[in-house]
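Sequences are here, hints too, so could you generate the full structure?
Residue numbers (numbering that gives the first Met the number 0), protein chains in the order written: chain A, 0 to 337; chain B, 0 to 337; chain C, 0 to 337; chain D, 0 to 337.
Every clue listed holds true.
From the structure, some residues in chain D lie toward chain A, with a derived Cβ separation under 8 Å:
1. R71
2. A222
3. R226
Covered by chain C, according to a simulated footprint, are these stretches of chain D (three or more residues, beta-carbon under 8 Å):
4. 0-10
5. 16-28
6. 197-207
7. 230-236
Simulated restraints, written as ranges between beta carbons of each label pair:
8. D/Q252 <-> A/V121: 48 to 54 Å
9. D/G299 <-> C/A16: 25 to 31 Å
10. A/G31 <-> B/T80: 25 to 31 Å
11. A/G23 <-> B/K36: 28 to 34 Å
If you're looking for bench data, these hints aren't it; they were derived computationally from the structure.
In this text, a Cβ means the ideal position worked out from N, Cα and C, and glycines have one as well.
There are 4 protein chains.
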Amino acid sequence: MNFASDNWAGATEAVMAAVTRHNGGFAPGYGGDPLTKAVNQRFAEIFEREVEVFFVGTGTAANALSMAAAGRPGGLVFASTEAHLQNDEFGATEFYTGGMKIVPVRSDAGLMDAAALSASIVRYGGRFGLPTVLSLTNATECGTVYEPAAVAELTAVGKSHGLVCHMDGARFANGVAALGVSPAEVTWKAGIDILSFGGTKNGCMAAEAIVVFEPGRFPNLTALRQRAGHTQSKARFIAAQFEGYFENGGWLQTARHANAMAARLTAGLSGKVRLGWQSTANEVFPVLPKATIARLRDAGARFYEWPAEGLGLDEDLIRLVTSFATSGDEVERFLALV
Amino acid sequence: MNFASDNWAGATEAVMAAVTRHNGGFAPGYGGDPLTKAVNQRFAEIFEREVEVFFVGTGTAANALSMAAAGRPGGLVFASTEAHLQNDEFGATEFYTGGMKIVPVRSDAGLMDAAALSASIVRYGGRFGLPTVLSLTNATECGTVYEPAAVAELTAVGKSHGLVCHMDGARFANGVAALGVSPAEVTWKAGIDILSFGGTKNGCMAAEAIVVFEPGRFPNLTALRQRAGHTQSKARFIAAQFEGYFENGGWLQTARHANAMAARLTAGLSGKVRLGWQSTANEVFPVLPKATIARLRDAGARFYEWPAEGLGLDEDLIRLVTSFATSGDEVERFLALV
Amino acid sequence: MNFASDNWAGATEAVMAAVTRHNGGFAPGYGGDPLTKAVNQRFAEIFEREVEVFFVGTGTAANALSMAAAGRPGGLVFASTEAHLQNDEFGATEFYTGGMKIVPVRSDAGLMDAAALSASIVRYGGRFGLPTVLSLTNATECGTVYEPAAVAELTAVGKSHGLVCHMDGARFANGVAALGVSPAEVTWKAGIDILSFGGTKNGCMAAEAIVVFEPGRFPNLTALRQRAGHTQSKARFIAAQFEGYFENGGWLQTARHANAMAARLTAGLSGKVRLGWQSTANEVFPVLPKATIARLRDAGARFYEWPAEGLGLDEDLIRLVTSFATSGDEVERFLALV
Amino acid sequence: MNFASDNWAGATEAVMAAVTRHNGGFAPGYGGDPLTKAVNQRFAEIFEREVEVFFVGTGTAANALSMAAAGRPGGLVFASTEAHLQNDEFGATEFYTGGMKIVPVRSDAGLMDAAALSASIVRYGGRFGLPTVLSLTNATECGTVYEPAAVAELTAVGKSHGLVCHMDGARFANGVAALGVSPAEVTWKAGIDILSFGGTKNGCMAAEAIVVFEPGRFPNLTALRQRAGHTQSKARFIAAQFEGYFENGGWLQTARHANAMAARLTAGLSGKVRLGWQSTANEVFPVLPKATIARLRDAGARFYEWPAEGLGLDEDLIRLVTSFATSGDEVERFLALV
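Written as structure tokens, this is what we have:
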């Protein structure tokens, strides 16, 4: 019963098979290999347009390099109060950008509010810094998702102030699967300029990609990545992971499976316990009595508490994360224990 | 006939097997998994002492984070004129350290000169900056190696000026194999404080480690790595690579093989063509007529030219790199063509 | 009727006289001159202990270099929601520290709340970053002041979590004058480790000092200042400003004058208009009808609006700043117009 | 007999008078004052074109901010082996630019060699980094000067590789005075894009300006300066220094005086002692027997040794710097002692 994080799972069979398959022989380093080129082409197909792709090994690298590519001195990044960028990356954005500030924007279950975004830009622009980037996470850190229309509304606010629009897609597959839309609809067609495309949480070993929708728009990215030590020499191994990841649409199948497991958790918990909020991707946030939490832990369940307000003294909000590796059996056992 | 670089090879069977073997099930992220702990213990055995180990995905990250850990504002890094740190990392050291300078020290075929080091420290210390780190590469970028006594002589100079002593071991295995010494003898026993231990060039996919010989000495390393986005969530996959790498001393066998292939190249070329210098690890640097170079390329050989001085108009210095994946047959075909 | 900012005033006669007096002859550069040494000694007398002093030209430099001296990678700075450090310095702290984050702590009229500080440290320490520095401004950006006991309470919370305690004293003189305490009581005796001591706003041209209460505690400061281009070659001119500033206790007289002018504004406004909050240093924040604001401006009064919440549609909060150069006549004319 | 440095002198009477003259009354902060605007206009007249001017307090700030404005990640700065930027600023360029490297280019008495520049760009561009900025100092750190034609030759090389062309004019007045050309001829008419215009060494207290010849070309400069804490609040005092500096062409008169004093030193030493090289601005570099050096010091002369090669065991190269404050009497006494 492991719901600690989707990064506690390993890699899918398809990913592992692709890595093994591409291991033999010699291949040019630093992304000059034919597999990297082929996989870049796959990204173009998936997003239905020419794109520029930069592989990196971690989501923090994808986010921080995106911020550096889109940033400027004295710039401000607007992101939700729940943004991973702000809460979990130890100042990577500030470090990579030479000191840009992140302005947390009011959000509801991780979903930024367009009015609050607009107010923040007006309030903080000028004296505080120069409004420069909008970053929204989809699926969010709270398991919720932005519909394409919501993305478009937020990017419209951002663009009216000249902001570059970034999407943190650490759980992009879960978001797309939950929404039932095309990758294009929820990104560049909705105003996104640059995307951190995550593979790791959904079944890769360590494969993330920065996707630039207007090739050449961020000319410093190659140098930024190299200067940061994020250009992998044997790049074919990231490329191979993505090949396996995309094979036969597998990346959306694993995401759908994870989302389905989360939906079963939600269904099983509803009516019995309070949920912090409704979520549709692969994370569920129930409020449980502390005694129940202890009992679940004793029975072997793994999960983390999540910061929350408005709780009773005897209860906590916990986060349950599902992944391609979560089994229905695990879910049922967990629900039975609750 | 691929002698372009050791990073054009894939991963060894042992490495790939270990990665596959450890793929199943759940494991805590960010290095909290038992495999990471076990592999750290392997490092301790290999170095015959307690060590602190930080996995990263690239050699540039290992070097730049080491410099940041050991550095200070206004500091100077002393490294050979051939140092990868200075020549091939696009300012990673300068970026990670908030602007430390690298002072190139006169070297002979990549081997720094103790007298030149001493003179450089005296010459540049004070007005130019604060002498802070000595970095020496072993095996060097030129395929040469420092004997433990040579390391000790250089670190003694460094320590007499208060420098932290770093070794760039991107090709550490090749160095140790060529020297026939223990890893301990050529590192901490010879005065090295912190080591970039490379796995990638010698048969891993993407596995490097920063090894600190006095645990706790560089307390910022955990935060430095996270701030840079170099903390991998599914750390077990780097750990697994190292497990496979070390298995049955395989890491030294692959290094010995690569060195032996290089020695065959050296032997086959000697007497026929001039060598830029004698090397004993897995790189050979012959001077060849441009016509020969063109002919070799036409026949399918892959290699790069290397910057050099004192060449005739009709010749170039080339670099031949061997790896675990180099076959004797390739070597013989190449020699036959020359 | 100029209440725009204390930096709209020039320099006091004493400051200008000292600068002129010390202009002749040759003096060693970069702080090696006897006047700099003598002025450092004056700081020691004023603070009743040995101190280390670093002159700089701006308050932002004093703050950001203090943060860099006290900081570490991944560190967090805790400061009030009104802190200049956070709101007005365009990311200087983030830039100088390689990406530390500033955590805004709930405050009332610029005065941080000890319970909120404690809660913030607990809430954000760990996942978000490493709690590292506490910065409190005295007098605050809102014209309020921390009593020594309040400083001690906050630094006690900070020190219990290992924080370095910094005071932003851009208006230190106004604070000390308003409190009627000694400089020592409200700084190191109350737990402050490092102080940005401002001279510019209270009658210097451009003279600020970083004061370290335990000499040698922040060994990087000399290099940090030089690397940032904040080490002035003709340092005697900053020293001379401070000599003139301190002469016959003039620095506290000018501050008392500014505070008294503010008190007259407060007295004259009270009962007639609402004050955003009570302040005792040299800033007053009345809420005025927009029509009145327009009328005041037409009559030649200079001041700025200040961000505020809970205002009526027809009113604004304005900030009135007094200085050594404010005359009683100006104040009376302003009050008559209101 | 003070020849230690031009920054050991104070300020000229004209500078001090202007500062005193503009002290009274209120003036908008941060450069919004009319005097700053008027002085910017003076810069335009002096350079015979519209320019954008950014005041700062030190030459290191002017240089490092120029590099940051013109730079990019992974960029390279080409500067002479004698460049202050490289040798005396403690990594300010590296810090401000997020890690750009400075490539020292072979020079003769501080004068960069166009062929060597071209060779350096070709040699280091690509693998080492991205050629981005050319910085040349005029007058050089060695008291020599570039004729407009020499500047044009170097900038032509630079521009053919896409470099931004910067001039470090810490001793710009001495250079212009020695050359007898117009400020325009030796800067933008010769291909310079951005200039560090120094006032401090030639009679200001602390006044430097970054001059951009194509206004708006470096849009980040305002934010870069603020983020670095180099935006002075009472900017009128830098403006006043420049007003006094430029008054009646005084800046060139003081420079001519300093140059003339240096010429007298050169004339008096020639034939008697060896000169390291011929110089025409306000620095002279004789080689003297150590015994003579000691004797001069005993007699009260102040100067520094300068790093040099090819000296006998019993001799040293010294640097003699003259300024507006150097008297003919001092020079004669010094020469008499030699």
